Amino acid sequence: MENVNFLYDLLGRNIISVVLVISLPLMFVLVYALVAILAELKVSAWIQERLGPMRTGPWGIMQPIAEVVKLIQKEDITPDKSSKLLYNLAPFIIFTGAYAAFAVIPFSEYFVPAGINLGLFYIFAVGSISAIGIVMGGWASNNKYSLMGAMRSVAQLISYEVPAAMAVLSIVVLASTMNMQEINKLQTGWFWNWFIFGGPGTLAKIWVIPFTLGLGLIYFISSLAETNRVPFDIPEGESELVAGFHTEYGGMKFAMFFFAEYANMFVVAAVLTTIFLGGWNSPFNTFMQGPFWGVFWFVSKAFSVVLVQIWIRWTLPRFRVDQLMYIGWKVLLPLSFICFMAISLFVMLK
Amino acid sequence: MISEFGIILLYFILGFVFVGIALVAAYFIRPSHPNAIKNSTYECGEIPIGEPWVRFNVRFYVIALIFLLFDVEVVFLLPWAIVFKGLGWFAFIEMIIFVVILLVGFAYVWGKGDLDWERPKPYIAKLSDLVIGKKKQ
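The listed protein sequences correspond, in order, to chains A and B. 32 is the number that my numbering gives to position 32 of the first sequence; each next residue is one higher, with no gaps. So the number in my numbering is just where the residue sits in the second sequence, counting from 1, plus 1000.
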């Protein structure tokens, strides 16, 4: 359990280092959310052959800050018919759930906020908290759109949780650990040691590569559904449900939902990076490998995954509800079980 | 001083406090002029008819129940996945039986049609439909 955190080595395990450990990821989330909002605006503009925001600062890079300032100044409305306590509690729950997942994300070889052995299990447990926040906000708004959006959203979240969990479980079978830092250490070396390419091992792993590639894809699709991104954004379908579960929210409370969505996007991208794409490891063995390069590799890999999520959002149309349930239960779930069984058989025979 | 799980608790507290600070900061900056129409339920400008808190489609509960089974199964599989290499073929076959029993139940639910959601059934009109008195259902 030693060497989990360079701050403890530097400052000792005292109040200052603990405060830094818990607040550094928050600062990272704040900066990341601003960058991701700008990326969303700009990528959508480029895909549609527009320029995107250009007036705020050079090439419009101040646009996210302008939006935050706007949201702070917005009047806050609590509908008369809503359930006041739950209505106001929902943004707290949803953001806390999103932020708590950052506690086990290994940013570097020497920086993981809490290096617990149950890392992946914990991420799945905490990831489900957002479902509670969604159904709480949707029900408490006392609005038909909100309630329908919340119900659909939760049905979708839980449907896609099973394939995602099976994908993670298969990697746990290969790695024999749930500690995210240990999983990263296993993938050190060239990029063919990453679990998406079958993990470390001899040439015999060639049998397992199709399954791990498939599981990577299954996890990515499920993670899109779990963050309510296009093409799985039926709960927020503007044309039929206004804004889904957050129809009644405005101002800073809406900003918290928005913020939590972007934080969740990063969390699923970080899990994908950690268990499939080698986490903080350099793709080229010892080239640019080290604690500080680790942060660079980790953030750039995770942010690339986020960019792919944004890219998909502006490329694909939305699924229908029955298609969504069909893909989740009848395609991804059996496929993930097949992959899981094949991988455990491979591990037994090895 | 503080355990790893203590740090996780601090993460929860910090997340909660951060939202609190953001909302309190907005409270001092934003205007507040509520009135009855502004605080009414939003329904695209119409006056809402009826309550949204009504009974809901049973399909959602069925999906929730199936999910619960699979989630419990994943919870059982996770500790197994870490140690099964050392336990040999007995533990492996035991777990395959466990998974197969669940999949049999899954096949039953599939066959019963509980995983099917209503899909649009477009009816394409034929020329004969236009003839009065001969409209087919």
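Source of the hints: derived by calculation from the structure; they are not laboratory data. Among the hints, erroneous ones may be present.
Listed next, the in silico DSS-like pairs over lysine-lysine satisfying Cα-Cα at most 30 Å (straight line) [claimed, not checked]: (1) Lys1112(B) x Lys81(A); (2) Lys1038(B) x Lys74(A); (3) Lys185(A) x Lys205(A); (4) Lys42(A) x Lys205(A); (5) Lys70(A) x Lys1085(B).
If you're wondering where the values come from, they're calculated on a predicted model, not measured in any experiment.
Cross-check of the supplied hints:
1. Annotation: proposed proximity of Lys1112(B) to Lys81(A) is violated, straight-line Cα distance about 40 Å (limit 30 Å).
2. For the proposed pair Lys1038(B) and Lys74(A), the alpha carbon gap of about 13 Å is at most 30 Å, so the pair holds.
3. For the given pair, Lys185(A) sits about 18 Å from Lys205(A) by alpha-carbon distance, which is consistent with the 30 Å threshold.
4. Simply put, Lys42(A) and Lys205(A) have alpha-carbon atoms about 41 Å apart, too far for the 30 Å limit, and the pair is violated.
5. Proposed proximity of Lys70(A) and Lys1085(B) is contradicted: the alpha carbons are some 56 Å apart, above 30 Å.
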